[in-house]
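Asker: Chains as they are written, first to last, in my numbering: chain A, 1372 to 1778; chain B, 30 to 535.
Mixed in with the good hints, there may be bad ones.
Derived DSSO-like pairs (lysine-lysine); straight-line CA-CA distance at most 27 angstroms [claimed, not checked]:
| # | chain 1 | residue 1 | chain 2 | residue 2 |
| --- | --- | --- | --- | --- |
| 1 | B | Lys198 | B | Lys480 |
| 2 | A | Lys1604 | B | Lys521 |
| 3 | A | Lys1604 | B | Lys263 |
| 4 | B | Lys223 | B | Lys480 |
| 5 | A | Lys1647 | B | Lys392 |
If you want the ones that stay clear, here's a sample from chain B, every Cβ over 12 angstroms from chain A, calculated [claimed, not checked]:
| # | residue |
| --- | --- |
| 6 | Phe224 |
| 7 | Ala358 |
| 8 | Gly476 |
| 9 | Glu527 |
Derived from the structure by calculation, the hints contain no laboratory data.
We treat Cβ as the ideally placed atom computed from N, Cα and C, and that holds for glycine.
Now for the letters of each chain:
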Amino acid sequence: MSGKGIGEGPGSPVEEALAAPPDEAARAPVPPRPMGRDAAPAGTTSTDDVADIPAIEGAAPEAPPASAPKRGRDYVLMLRVAATALAEGGAFALVMTSEGGLRFALGLLLHVLAAFLGRAAARRRRPDLAQVESDLVLLAGIAIPLFGPLAAWSLPRPPASDAPENAHQVFTSYAAHVKPVVPDHERTLFTGVYEKDMARELDVESYHEVLVHGTTDQKRSALRRLAELGEAKHFRLIRQCLLDPEHEVRLYAYSELERASRRYEEEIAQRARELKEQAEGGEPLLAIARAYFDYAATGIHDEQMAAWYYRSAEQYAGVARRLLGDDPEPVWIQARSFGRLGDYDRARALLFELTEAQQGMAESCLARAELAYARRDFLAARAEAARLRETGAEPPPWLAALEGKRR
Amino acid sequence: MKTADICLVLEGTYPFVSGGVSSWVHILTSQLPDLTFTILHISPKRGFYTKGPVYKMPTNILGVREVYLHDYVLSSRGRPHDLREKVEHFRALVRDMVDGRAGSFARFLNALQHEEDEGLSSWDLLQTPESWDVLVENYRREAEQESFLNFFWTWRYAYLPLFNLLSAKIPPARVYHTISTGYAGMLAAGAKAKFKRPMLLTEHGIYTKERRIEINRSEWIQDWDSGELVAERKAPFFRRYWIRQFQMMSRITYEYADEILTLYTGNTFEQMKDGADPTRLRVIPNGIDLKRFGEAAAKHDARGENDRFTVCFVGRVCPIKDVMTFVSAMRLVADEIPNVRVRVLGPMDEDPEYAEMCQRHAKALGLEKNLAFEGKVNVLEELPKVDLMVLTSISEAQPLVILEAGAVGIPTVATDVGSCAELLYGRTPEDRAVGEGGIVTPMASPGETAKAVLQLYRDPGLRHRMRDAMRERVRRFYDQRDMVTAYDELYKRYVRLEKPLAVEGV
Chain A
1372 MSGKGIGEGP GSPVEEALAA PPDEAARAPV PPRPMGRDAA PAGTTSTDDV
1422 ADIPAIEGAA PEAPPASAPK RGRDYVLMLR VAATALAEGG AFALVMTSEG
1472 GLRFALGLLL HVLAAFLGRA AARRRRPDLA QVESDLVLLA GIAIPLFGPL
1522 AAWSLPRPPA SDAPENAHQV FTSYAAHVKP VVPDHERTLF TGVYEKDMAR
1572 ELDVESYHEV LVHGTTDQKR SALRRLAELG EAKHFRLIRQ CLLDPEHEVR
1622 LYAYSELERA SRRYEEEIAQ RARELKEQAE GGEPLLAIAR AYFDYAATGI
1672 HDEQMAAWYY RSAEQYAGVA RRLLGDDPEP VWIQARSFGR LGDYDRARAL
1722 LFELTEAQQG MAESCLARAE LAYARRDFLA ARAEAARLRE TGAEPPPWLA
1772 ALEGKRR
Chain B
30 MKTADICLVL EGTYPFVSGG VSSWVHILTS QLPDLTFTIL HISPKRGFYT
80 KGPVYKMPTN ILGVREVYLH DYVLSSRGRP HDLREKVEHF RALVRDMVDG
130 RAGSFARFLN ALQHEEDEGL SSWDLLQTPE SWDVLVENYR REAEQESFLN
180 FFWTWRYAYL PLFNLLSAKI PPARVYHTIS TGYAGMLAAG AKAKFKRPML
230 LTEHGIYTKE RRIEINRSEW IQDWDSGELV AERKAPFFRR YWIRQFQMMS
280 RITYEYADEI LTLYTGNTFE QMKDGADPTR LRVIPNGIDL KRFGEAAAKH
330 DARGENDRFT VCFVGRVCPI KDVMTFVSAM RLVADEIPNV RVRVLGPMDE
380 DPEYAEMCQR HAKALGLEKN LAFEGKVNVL EELPKVDLMV LTSISEAQPL
430 VILEAGAVGI PTVATDVGSC AELLYGRTPE DRAVGEGGIV TPMASPGETA
480 KAVLQLYRDP GLRHRMRDAM RERVRRFYDQ RDMVTAYDEL YKRYVRLEKP
530 LAVEGV
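Just chain A, same shape as in the assembly:
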């Protein structure tokens, strides 16, 4: 153990922010990735494709404009605030001393002028104010005497992110964004990229590092550990080792894949026997479709073979669907198989069919959201999240993160 504190190791958002060049520092914290087994739709993300996920608005603080003030006194701002205060004071004096309509009208006019000056000052203070926000400042300035100069003076200054001391502020902003979608007990500095987290927190080399640069023994051990973890992304990494320059490592990778596939092969053989014994009825067909789908989704196979298993799963599920009538599972398997084969339109159509029949509605919403996510159609994914809530189910964190975002 290195004794490094949380967030202090290499790769932490704080350090990244500190290390990044000035114009990139504000973007340093990456958008939060879904965490946990069911966090992201399988097949849509991997440990390597964080950079491919488009930035979700609000997920990371926007970089301030180049003209953003850094530190020190802003005399123009002070002048504007002073002018606003003077105008407000003048307006107050005129109104209080008015006896007739003219002085009162002049007082009001000066107050309105002060409100405009207040808005200008507020814009000086916060150049990144949206139009609607500056209009609100103006209206509030008209409605509430002295609001303009007070608002202009007390608005929080934007982070001057190119100053290293502001890295913490950037991180706080990032953490504040994360809080609403990640339960407190999961709210850590872990990025969700397990290899990076492990390297940082446990001071051990990541599997990826080991598989690229390790000794044969280390690689063998890493391959065994990855196989024990046993998710599709782990097997995909193991598959990559079939191209290792060293034949011995290729053999170890092969062994792990072979060991893992044996269980599925036996399952398929068992289902095939059952199908033979009960030639009629949809259940054995559904069972074999399920076995094919599970096998295809393991990540054990290369792309072409996985596609073949998905196609088989879809075909068996199609026949089972005709025999089983109302059972939603065959439709479900078909839709997911189409999704994995990249035929999103057919997958979507099937899932809508499932929704219309009010069968497994929450699941179908979730599946459609997965498809939308896979196509980077975040608007559609957000709509599915809303539908999911209507069914009474909570969207998973990766989907919840999309809710309330503008693009």
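Could you slot chain B onto chain A? The hints should help.
Answerer: Coordinates of chain B only, in the frame set by chain A:
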């Protein structure tokens, strides 16, 4: 047994098992009728090869003697008067094995002698208080963190077969030629030390590497698991122990071998890594009988186009050949060529469970109409009917089947293992200029294998170019006569040596 010119020291192969090494031995013995051979075969135990020899041995093989690794009776023949002194040699051997030296082997052999002699017996080395001290001393030295019980049994199973072998009766011969290191290599080294005759080593696959992989993949060795998801920097102790044991056997074999031969250049690097003297290394590639395969080639050319595109796998149906991947790849091929004919030609009795799994897999993939497991056949008769050869092995040395297919005029799609790439793309610049004779694909990748098969199916021109290149390559570089001549010269040179060789320590 009569003194033969050559004693071939073999482990688990000719004449009891068919395969690449066995074919090679059969060719060599048959093609050198002027020389006489005896075979010293190491079997796991008595009666293991129930079918007896699977080859019809030529008449110049004077006899086969079997020695057994795991058939032993531990009994005392009385305590030798100089036991303490002789056990010292054993202690030195063990220390050398731990430290990676081979110097004390000859002295130990001298002390061991033969069971009928006054030397040490397995009992003396495993059941006496003196030998117990050696065991405990070694446990304290290198394995104190491990279970003593595990260490005790590992120790016993590491040394008992070795003592058993080294005290076996060795037939007299002018030259000892072992076809692997490991137990066979130790036996040949022992023979050299005893008879002071030359010893040759030909490695097809690298024995140490094969054992290392086997040990690392094995599930019978129990490891202590820390439970942490950390990539360990080295293998667990008992795996390392066994690997070291085999490495040391190889080192001793390399030390004793007068010439170290192999089939292709890639192997020589592995041998040097394991301690072989580079000045003794030499490559003699495999070769095939061009005349016999020339006739098959004529048949192949005369038959014209097949009604059904025929893809063939030739080899034993066993895990190392990865027939499962072959079957999967053929499923993808059959999706594109519905009437493709796929033939698996090779014995299925080596691993019946695996063979059954492959058949089940083919059935599950719906290949009943396309694929047939035909068992052992005469390749000379069957190869002319084939359009394309596929080899999906996960480990190979120099597969004869590629050369045989090449001689007939069949291009091959093979995995990137052993010398497959060398055979298909060429070894030297002159060889490479001949052209490509097939396509090399990554192992365990049915998609890539299928892609290559389909590429060759769709492009008959490419297929024909590869056919011509492969025929030319085999004719120029892999003629069996070259291989046989090289061994003939080698054997005769060493057989003629009259003066006994000096062996250090004996």
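Asker: Against this structure, judge whether each hint is valid.
Answerer: Verification of the supplied hints:
Between Lys198(B) and Lys480(B) the CA atoms are separated by roughly 54 angstroms; this puts the pair beyond 27 angstroms, and the hint is violated. Distance check on the hinted pair: Lys1604(A) and Lys521(B) sit about 59 angstroms apart at the alpha-carbon level, beyond 27 angstroms; violated. At roughly 25 angstroms between alpha-carbon atoms, Lys1604(A) and Lys263(B) fall within 27 angstroms of each other, so this suggested pair holds. A distance of roughly 56 angstroms separates the Cα atoms of Lys223(B) and Lys480(B); the hinted pair therefore is violated under the 27 angstroms criterion.
Straight-line distance between C-alpha atoms of Lys1647(A) and Lys392(B) comes to about 12 angstroms, which keeps the hinted pair within the 27 angstroms bound. No beta-carbon of chain A comes within 12 angstroms of the beta-carbon of Phe224(B); the shortest separation is about 36 angstroms. Not every Cβ of chain A is farther than 12 angstroms from the Cβ of Ala358(B); the closest lies at roughly 8 angstroms, contradicting the non-interface assignment. Consistency note on Gly476(B): stated as away from chain A, yet its beta-carbon is not over 12 angstroms from all of that chain's, at 3 angstroms minimum.
No beta-carbon of chain A is positioned within 12 angstroms of the beta-carbon of Glu527(B); the least distance is around 43 angstroms.
Checked against the numbered hints listed earlier, the structure breaks hints 1, 2, 4, 7, 8; every other hint is satisfied.
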